[in-house]
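Those sequence lines, one after another, are chains A and B. Count along the first sequence starting at 1, add 1, and that's the number in the numbering used here. Count along the second sequence starting at 1, add 866, and that's the number in the numbering used here.
Worth flagging that the hints you see were computed from the coordinates, not collected in a lab. Among these hints, one or two may not hold up.
[To be verified] A partial selection of chain B residues facing chain A, derived with a Cβ cut-off under 10 Å:
#	residue
1	Pro-874
2	Val-921
3	Asn-922
4	Ile-950
Yeah, the Cβ is synthetic: ideal placement off N, Cα and C, and Gly gets one too.
Residue strings, one per chain:
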Amino acid sequence: MNSATLPIELPELTQDDLTRYSRHLILPEVGVEGQRKLKAARVLCVGTGGLGSPLALYLAAAGVGTLGLVDFDVVDASNLQRQIIHSTADIGRKKLDSAEEKLTALNPALNVVKHETMLSSANALDILKDYDVIADGTDNFPTRYLVNDACVLLGKPNAYGSIFRFEGQASVFAAKDGPCYRCLYPEPPPPGLVPSCAEGGVLGILPGLIGVIQATEAIKLILGIGEPLIGRLLLVDALKLRFRELKLRKNPDCPVCGTHPTVTKLIDYEQFCGIRPETKEEQAVKNGIPQLSVKDLKKRMDAGENLFILDVREPFEYQIANIGGKLIPQGEVPQRLAEIDRDREIIVQCKSGGRSQRIAEFLKQSGYPKVANVSGGILAWSDQIDPSVPKY
Amino acid sequence: MTIFIPTPLRQFTGDKDTVAVSASTVAGALDELTQTHPDLRKHLFTSEGKLRAFVNVYLNDEDVRYLPEKDATKVSPTDTLSIIPSIAGGCQANRPN
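With the rest of the complex left out, here is chain A (with noise of 0.2 Å):
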């Protein structure tokens, strides 16, 4: 059996159930049964971004019970050409929070587990055991063998799908007898050789193409219907708009789902994903931009350097909280070099670093000649040097 596996005892629909749900009742395929189904059903979204936003949001709308969603990240605002379950209005709040509102706005009957942390070896099985469907729309190599490592290990169907410029891929993972990630990628490239969305940019239309895959994917297991992608791997060129379907064969040698797995736990994906730790001077500079401590700031501060603080936040953060820089939000920072002084230091500072990062590797790109991120933002000043500077 390839469906996933439900409770014996289906929850009875309520009387909104049938109003709210009276499309699906009336397909055969669905009925009254089905939509029971999907109601007892627990799905994991790893991640809310590009394709979590269209999955998690047409579950919910079509009545799966429990919806987790893994999620550490705060909305930017270059999330929005994309990421359709947040908001202007939201950027800088959790992504998980921003998504639990849009979600139960949809749905208030909908139960919404937010597990905010990163997806690592150390809590991914206890995380993903009480999931009848995981749907990864993660970023990065390490966590993609992760969540399929953790899948095989449990048993649990992955609705996989993944996006790069114009293209995506989806299938099913680890569905018993089906082929697992690992059968078609045994191993991952190394890396810096395959770019990120974030580096490789990526067309905001394609994540909802192939999150609305996977969602359809993890709602066809619930039910048992159809056939699904296991076994197959679908490719989609948006440019062309031309979809087509390679057969993908379960790997008896496969280190993890074959027949004498050499994977019976989880491992260190990072090391796997040949990811080295930072070294301390990676640490001191990142991209060509120094890292400055928040101690090493204040230090500078209080001995009256002529330092320059540009806060890349939106207002309303610094509104909230503030160590008095200039505000200049990111998006604002290319219009407004103008009142950015060249000839100080410029240390660029945001929430947790991130934005600020960026932004300080753009000013030395625009001919700054001294440019310093502080690493940990405002975040890293409240936790070491003012706990009276507010967190949010």
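Given chain A, work out where chain B should sit, using these hints.
Only chain B this time, still in chain A's reference frame:
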């Protein structure tokens, strides 16, 4: 025959998404492709000339690794060869910034 070039590798084929070759086997087709576009070679093959583990080659819809004659399989002009490298894109969660 036609070889489909995936997005990440198009930078090595002058942005072409397909390349036509006239070889008579899968190995011959890949050889012709990498002779015309030498920069592709190191992305597809190891220094020992083995296909890299994160690159899959499909003859029509079948993985070449599972064909009885593997890359010695004969090809006809109407066949297609697809190179499918792994891509990881999805969202930026689970990557600390």
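Hint check:
Interface hint at B:Pro-874: satisfied, since its Cβ lies 6 Å from the closest Cβ of chain A, which is below the 10 Å cut-off. With its C-beta approaching chain A no nearer than about 8 Å, B:Val-921 sits inside the 10 Å limit, and its interface hint holds. Below 10 Å, beta-carbon pairs count as interface contacts, and B:Asn-922 has one with chain A at about 7 Å; its hint therefore holds. Hint status for B:Ile-950: holds, given a least beta-carbon distance of 7 Å to chain A, under 10 Å.
The structure fails none of the hints (numbered hints given earlier).
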